[in-house]
Every structure is written in C-alpha cells, then in structure tokens.
Amino acid sequence: GIQVEQSPPDLILQEGANSTLRCNFSDSVNNLQWFHQNPWGQLINLFYIPSGTKQNGRLSATTVATERYSLLYISSSQTTDSGVYFCAVRTSYDKVIFGPGTSLSVIP
Amino acid sequence: NAGVTQTPKFQVLKTGQSMTLQCAQDMNHNSMYWYRQDPGMGLRLIYYSASEGTTDKGEVPNGYNVSRLNKREFSLRLESAAPSQTSVYFCASSEEGSYGYTFGSGTRLTVV
Numbered sequence: 001g002i003q004v005e006q007s008p009p010d011l012i013l014q015e016g017a018n019s020t021l022r023c024n025f026s027d028s029v030n031n032l033q034w035f036h037q038n039p040w041g042q043l044i045n046l047f048y049i050p051s052g053t054k055q056n057g058r059l060s061a062t063t064v065a066t067e068r069y070s071l072l073y074i075s076s077s078q079t080t081d082s083g084v085y086f087c088a089v090r091t092s093y094d095k096v097i098f099g100p101g102t103s104l105s106v107i108p
Numbered sequence: 001n002a003g004v005t006q007t008p009k010f011q012v013l014k015t016g017q018s019m020t021l022q023c024a025q026d027m028n029h030n031s032m033y034w035y036r037q038d039p040g041m042g043l044r045l046i047y048y049s050a051s052e053g054t055t056d057k058g059e060v061p062n063g064y065n066v067s068r069l070n071k072r073e074f075s076l077r078l079e080s081a082a083p084s085q086t087s088v089y090f091c092a093s094s095e096e097g098s099y100g101y102t103f104g105s106g107t108r109l110t111v112v
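Sequences listed follow chains A and B, in order.
Using the working numbering, the letters of the first sequence correspond one by one to residues 1 to 108.
Using the working numbering, the letters of the second sequence correspond one by one to residues 1 to 112.
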C-alpha cells in the first residue's frame with residue numbers, strides 16, 4: 001500500500017521562528033490534507049491541498065503532486081502552534097492514510 | 001453544534017469483554033472512518049465506509065467489526081477485547097473529494 005513519511009519527527013522552536021514540515025508519499029493520490037492535533041488531542045483540518053499552494057494566516061502549504069511531496073510552512077510561530085502535525089493522503093479507494101506526524105513544541 | 005459525536009469518551013475493559021464504540025455525524029456526509037492512535041504511530045485506519053450500507057477494511061482491521069446502520073451512524077465493535085487494543089479511537093466523516101474531514105473527540109480505551 002501507499003507509504004506516507006513525514007520529517008522531521010520532532011521539532012522545537014523558539015516563539016517567533018519559522019519552520020517547514022515535509023510530507024512524502026510513495027504513490028499517486030487523489031488529495032492531501034494537513035491536520036493539527038493540539039495538546040488536548042483534538043484533530044483540526046488545516047488544509048485540503050491536492051496540488052498548488054494555499055495560505056491561511058501564518059500557515060501555508062504547497063503540494064507538488066508530480067514529485068509526491070507536500071510542505072507545510074509555519075511563520076512567526078506561537079506557543080499555540082504546539083502539537084502534532086499530520087499529513088494524510090486519500091487513495092483511489094477513498095481510504096485516507098496518515099503519516100506518522102511531526103511533533104512541534106514552541107517555547108516562549 | 002454540527003460535527004461528529006463519539007461515545008463513550010473513556011472506557012476500561014477487562015480482557016475478553018466486548019463493547020461497541022458509537023459514532024454519529026450530522027453533516028450528511030457519505031464517508032465515515034474509524035482510526036486508532038497509538039504513541040509514535042500516528043493514526044491507523046481500522047475500517048471505513050464510503051456510503052451507507054458499505055464497509056471496507058483499512059490497515060488494521062483484525063479484532064474489530066463495524067456497522068453502518070444508516071447515513072449518520074458508524075459503530076465499531078470489539079468482540080473480545082485484548083490489551084493490544086488499548087488505544088485512542090477516533091471516528092471521522094467526510095464528503096468524498098471535499099475539503100473538510102471532521103473528527104470526533106476520541107475514545108480512550110484501556111484493556112486490562
């Protein structure tokens with residue numbers, strides 16, 4: 001089946017710093033999403049981005065489907081950005097497979 | 001509020017006991033999913049249902065059964081719980097191909 005990898009696995013940032021999270025996938029996908037799981041366990045949609053670039057405030061994402069990767073950019077990080085960031089890909093059979101996540105800690 | 005509702009939020013079972021995790025969504029979504037989340041392993045798909053009346057296995061279906069009784073509800077059953085099934089279980093729903101994949105708040109299950 002399709003494999004989804006994320007890097008880095010862990011990241012510690014000083015508040016105000018910028019970061020880039022990466023998601024690689026092994027096969028063609030119908031779409032890709034980024035999620036944030038906050039420290040209380042709640043999972044929240046960030047982006048639905050099968051291709052191209054989208055921005056939402058301090059966050060933006062780019063997916064290059066032909067090269068099978070996606071990037072999530074976090075600018076001017078805040079402590080509320082802490083948590084785990086997952087990318088998830090949807091296959092042709094409507095399965096949605098998650099990557100292992102990047103654990104982000106933003107310290108004041 | 002519209003969304004995905006899971007019950008119960010917490011449960012402790014003894015090995016060999018059975019239970020059903022309930023999930024309901026009020027967004028008229030066709031697709032529903034059950035995931036388990038274990039430390040360091042992200043979310044793994046147990047079963048999914050692309051539409052009412054259909055279910056399919058995901059990555060880790062062994063030891064589980066599901067029922068999609070109607071468009072709103074998708075339940076997950078553990079017939080004979082094992083300690084390896086200790087995990088946090090998430091239900092989710094989406095409209096196929098759409099933005100917006102909504103998760104429930106999770107069920108923390110411990111099997112002793």
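These aren't lab readings, by the way, just hints derived from the structure by calculation.
Hints should not be assumed to be uniformly reliable.
[Unchecked claim] Here are the computed distance ranges between Cβ atoms for each label pair:
| # | chain 1 | residue 1 | chain 2 | residue 2 | range |
| --- | --- | --- | --- | --- | --- |
| 1 | A | S51 | B | S67 | 34 to 44 angstroms |
| 2 | A | Y69 | B | P39 | 49 to 59 angstroms |
| 3 | B | P39 | A | E5 | 14 to 24 angstroms |
| 4 | B | G63 | A | Q55 | 38 to 48 angstroms |
| 5 | A | S51 | B | K14 | 30 to 40 angstroms |
[As the list claims (entries may be wrong)] So these bits of chain A aren't anywhere near chain B, every CB distance computed over 12 angstroms:
| # | residue |
| --- | --- |
| 6 | I44 |
| 7 | S82 |
| 8 | I107 |
Owing to the predicted nature of the structure, the values given are computational and were not obtained by experimental measurement.
Glycine included, each C-beta is placed from N, C-alpha and C at the ideal position.
Using the beta carbons of P39 of chain B and E5 of chain A, state whether their distance is inside 14 to 24 angstroms or not.
Since the Cβ atoms of P39 of chain B and E5 of chain A sit about 18 angstroms apart, the hinted range of 14 to 24 angstroms holds.
Range hint compliance [Cβ, G63 of chain B to Q55 of chain A, 38 to 48 angstroms]
Since G63 of chain B and Q55 of chain A have Cβ atoms about 42 angstroms apart, the given range 38 to 48 angstroms holds.
The hint says 49 to 59 angstroms between Y69 of chain A and P39 of chain B; measuring C-beta to C-beta, is that right?
Violated, at about 26 angstroms.
Beyond 12 angstroms from each Cβ of chain B, as asserted for I107 of chain A:
holds (22 angstroms)
Is the gap between the beta carbons of S51 of chain A and K14 of chain B within 30 to 40 angstroms?
Violated: the Cβ-Cβ distance is about 49 angstroms, outside 30 to 40 angstroms.
Beyond 12 angstroms from every Cβ of chain B: is that where the Cβ of I44 of chain A lies?
For I44 of chain A, whose nearest Cβ neighbour in chain B is about 8 angstroms away, the distance does not exceed 12 angstroms, so it is violated.
So S82 of chain A supposedly isn't at the interface. Is its beta-carbon more than 12 angstroms from every beta-carbon in chain B?
holds (17 angstroms)
Beta-carbon spacing of S51 of chain A to S67 of chain B - inside the hinted bounds 34 to 44 angstroms or not:
holds (36 angstroms)
Violation of the numbered hints given earlier is confined to hints 2, 5, 6; the remaining hints are satisfied by the structure.
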